[in-house]
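J.: Please construct the entire structure, taking both the sequences and the accompanying hints into account.
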Amino acid sequence: METVNIEVNGRSYSNEVEPRLLLVHYLRDTLGLTGTHVGCDTSSCGACTVLLDGISVKSCTVFAAQAGGHAVTTIEGIGNSGALHPMQEAFWAKHGLQCGFCTPGMIVSCIDLLRRNPDPSDAEIRAGIEGNLCRCTGYENIVRAVRAAAAAMKADEPRRSVAELLPVGAS
Amino acid sequence: MITAAFEYYRPASLDEALRLLGGRDDAKILAGGHSLIPMMKLRLAEPAALIDIAAIPDLGRIDFDGKRFRIGALVTHATLAANRDLEKNAPALWDAANHIGDPQVRNRGTIGGSASHGDPSADYPSVLLALGATLSLAGKSGSRDVGADAFFRGMFDTALAPGEILTTVSFDAAPASAYAKYQHPASGYAMVGVAANLRLNGGTVGEARIAVTGVGDSAFRAGNVEKALAGARAGDADAIKKACSNAASGVDARSDSQASGTYRAAMADVYAARAVSAAAARG
Ligand SMILES: Cc1cc2nc3c(=O)[nH]c(=O)nc-3n(C[C@H](O)[C@H](O)[C@H](O)COP(=O)(O)OP(=O)(O)OC[C@H]3O[C@@H](n4cnc5c(N)ncnc54)[C@H](O)[C@@H]3O)c2cc1C
Ligand code: FES
Ligand code: FES
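Protein sequence lines, in the order shown, are assigned to chains A and B.
In the working numbering, each residue's number is its place in the first sequence (first place is 1) plus 830.
In the working numbering, each residue's number is its place in the second sequence (first place is 1) plus 29.
In case anyone wonders, no lab produced these hints; they're calculated from the structure.
Some clues are possibly wrong.
[Unchecked claim] Straight-line Cα separation of at most 20 Å, SDA-like style, residue types lysine to any residue; simulated pairs:
id, chain 1, residue 1, chain 2, residue 2
1, B, LYS70, A, LEU851
2, B, LYS70, A, ARG858
3, B, LYS270, B, GLY312
4, B, LYS57, A, GLU832
5, B, LYS256, B, ASP267
6, B, LYS70, A, PRO849
7, B, LYS70, A, ARG850
8, B, LYS57, A, LEU851
9, A, LYS924, A, THR967
10, B, LYS70, A, CYS870
11, B, LYS57, A, GLU848
12, B, LYS169, B, SER42
13, B, LYS70, A, ASP871
14, B, LYS57, B, ALA74
15, A, LYS984, A, GLY884
[Claimed, not checked] Example chain B residues on the side facing chain A (calculated, C-beta under 8 Å, incomplete):
id, residue
16, THR32
17, PHE35
18, ILE66
19, GLN133
20, VAL134
21, ASN136
[What the hints assert, rightly or not] The following residues of chain B were derived to be distant from chain A, with all beta-carbon distances above 10 Å:
id, residue
22, ARG48
23, SER199
24, ALA202
25, TYR211
26, MET220
27, LYS270
28, ARG283
29, ASP285
Where a beta carbon is used, it is the ideal one built from N, C-alpha and C, also for glycine.
T.: Below is the structure:
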């Protein structure tokens, strides 16, 4: 067994793990953070994408032990219903998802994309999400969502809650 | 998928890594893990110990003195893809780094891991051959330098001896260079990839180094193309195309579920001409 000290979404954890435990299983099974999904388990689909020290990685292709001493951000740390990240709000507003399975990884990748390139062209957005597969949307609305999020982040708009965004009269 | 069990070490110095690696033949180096971990998940590799080199200082550096690059083994594809010196002074490697896999793969995978793995469809081996790169290998009894021509020996076979660690890749600036790749649509690996490095005298090709990946058991230099290109006018697309015919001559082109050997060999000519034209346009 190996002791790993990992910061996840701003909280420090210390756990005894087997060296072969993958980061995605550490997040889901050890910490109960099931927002990070397993799609292919073969490094292809990007459903398991998280930020490691702020950089997007496929957590099915990283051992938890390798993340020891580092900081991980999962979709749970990106935002919540009381204060959505602009990327989350944009995915909602632009219908950037259907079944939602790819969405946590997709949002994390798109945030990393805007870190590297705050004002991407449509072609750059498409290239930037090459590591994330979506079997529902056909990607069109995802591209629109990233464009909208880039504009919102440039304007430094405040985070909104789900309640604020719901149509008038809905509960 | 769960890998076989292993012991995990993360040494803080190269010496300690060499000591851990040298003491046993069932240990493997772990760099970005983006070739090794997928293989371990499929149980195609079951090392009893992994020596993670991520914490070794200096292996992540890029040095450029205006003439020569020295790139540490741990430098990621993403770091190379974002490096302005490389874009200007050795654009063939910059091209290749930008087109490996996808962003997450580029964020983890390293130049040293790719070179050490010796994958016949990897991008860098052809670029390192075309650049005439030197690979520095550290071992228990010191360090030795191996040229790329001698380093890439065959399918998943390199000049790395047991117990050795690749530390640095170095090469001279090559401003008139380019890499052109026929990318597998799913994995991103090179079905065929060609790196071209030209020395231009005015408007003509003085010397050319051309290397092909994805086609044979290992990346190789296309010697007949190199010869045919000498003296060609850099802007003459027809002459370039003609010089690039039979880029894979003498090589046993691989056939597999993705493409026949005949197709791969034909595409080697097409991508050689593209790489040479792109390199000439930069010169
Ligand atoms: C989805 C996906 C798509 C990909 N697409 C491409 C692509 O388009 N083109 C391409 O070229 N590659 C591609 N790759 C492979 C990727 O580039 C890997 O990062 C690279 O092949 C290995 O580098 P690594 O740092 O991840 O090495 P690791 O996986 O950590 O190691 C690979 C091997 O090299 C050994 N090793 C590593 N570093 C050293 C060292 N310094 N000294 C001695 N031995 C060492 C290890 O022991 C192991 O045997 C892809 C990978 C994935 C998962
Ligand atoms: S589950 Fe990790 S890439 Fe698909
Ligand atoms: S929304 Fe269903 S996979 Fe993307």
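J.: With reference to the structure, classify each hint as holding or not holding.
T.: The hints, checked one at a time:
1. For the suggested pair LYS70/B and LEU851/A, the alpha carbons sit about 11 Å apart, so the restraint of at most 20 Å is met.
2. Simply put, LYS70/B and ARG858/A have alpha-carbon atoms about 18 Å apart, close enough for the 20 Å limit, and the pair holds.
3. Note on LYS270/B and GLY312/B: the hinted pairing holds, with a Cα-Cα distance of about 18 Å set against a maximum of 20 Å.
4. Taking the CA atoms of LYS57/B and GLU832/A, the gap is near 18 Å; set against the 20 Å cutoff, the hint holds.
5. Taking the CA atoms of LYS256/B and ASP267/B, the gap is about 16 Å. The hint holds against a cut of 20 Å.
6. Simply put, LYS70/B and PRO849/A have alpha-carbon atoms about 13 Å apart, close enough for the 20 Å limit, and the pair holds.
7. Restraint check for LYS70/B and ARG850/A: satisfied, since their Cα atoms lie roughly 10 Å apart, inside the 20 Å limit.
8. Restraint check: the Cα-Cα separation between LYS57/B and LEU851/A comes to about 17 Å, which is no more than 20 Å; the hinted pair holds.
9. For a cut-off of 20 Å, the pair hint linking LYS924/A to THR967/A stands: about 11 Å separates their Cα positions.
10. Note on LYS70/B and CYS870/A: the hinted pairing holds, with a Cα-Cα distance of about 12 Å set against a maximum of 20 Å.
11. For the hint pairing LYS57/B with GLU848/A, the CA-to-CA distance comes to about 18 Å; that is within 20 Å, so the pair holds.
12. With a C-alpha separation of about 13 Å, the suggested pair LYS169/B and SER42/B falls inside the 20 Å cut-off, and the hint holds.
13. Proposed proximity of LYS70/B and ASP871/A is supported: the alpha carbons are some 9 Å apart, at most 20 Å.
14. Distance check on the hinted pair: LYS57/B and ALA74/B sit about 10 Å apart at the alpha-carbon level, within 20 Å; holds.
15. A distance of roughly 19 Å separates the Cα atoms of LYS984/A and GLY884/A; the hinted pair therefore holds under the 20 Å criterion.
16. Proximity of THR32/B to chain A holds as hinted, the smallest CB-CB distance being about 5 Å (cut-off 8 Å).
17. For the restraint placing PHE35/B at the interface with chain A, the shortest Cβ-Cβ distance is roughly 6 Å, inside the 8 Å limit, so the hint holds.
18. With 8 Å as the threshold, the beta carbon of ILE66/B comes within range of chain A, its nearest partner Cβ sitting at about 5 Å, so the hint holds.
19. Using the Cβ-Cβ criterion of 8 Å, the hint placing GLN133/B at the interface with chain A is satisfied: the shortest such distance is roughly 4 Å.
20. With its C-beta approaching chain A no nearer than about 7 Å, VAL134/B sits inside the 8 Å limit, and its interface hint holds.
21. Below 8 Å, beta-carbon pairs count as interface contacts, and ASN136/B has one with chain A at about 5 Å; its hint therefore holds.
22. With a least beta-carbon separation of about 19 Å from chain A, ARG48/B lies farther than 10 Å from that chain, consistent with its non-interface assignment.
23. Once the 10 Å rule is applied to beta carbons, SER199/B is consistent with being away from chain A; the minimum gap is 26 Å.
24. For ALA202/B, the shortest C-beta to C-beta distance to chain A comes to about 26 Å, beyond the 10 Å cut-off, and the non-interface label holds.
25. The Cβ of TYR211/B sits about 16 Å from the closest Cβ of chain A, beyond the 10 Å cut-off, so the non-interface label holds.
26. Consistency note on MET220/B: stated as away from chain A, and its beta-carbon is indeed over 10 Å from all of that chain's, at 17 Å minimum.
27. Every CB of chain A is more than 10 Å from the CB of LYS270/B (nearest about 28 Å), matching its label as outside the interface.
28. No Cβ of chain A approaches the Cβ of ARG283/B within 10 Å, the least distance being about 22 Å, so the stated non-interface status holds.
29. ASP285/B, annotated as away from the interface, keeps every beta carbon of chain A farther than 10 Å; the closest lies near 18 Å.
Of the numbered hints given earlier, the model fails none.
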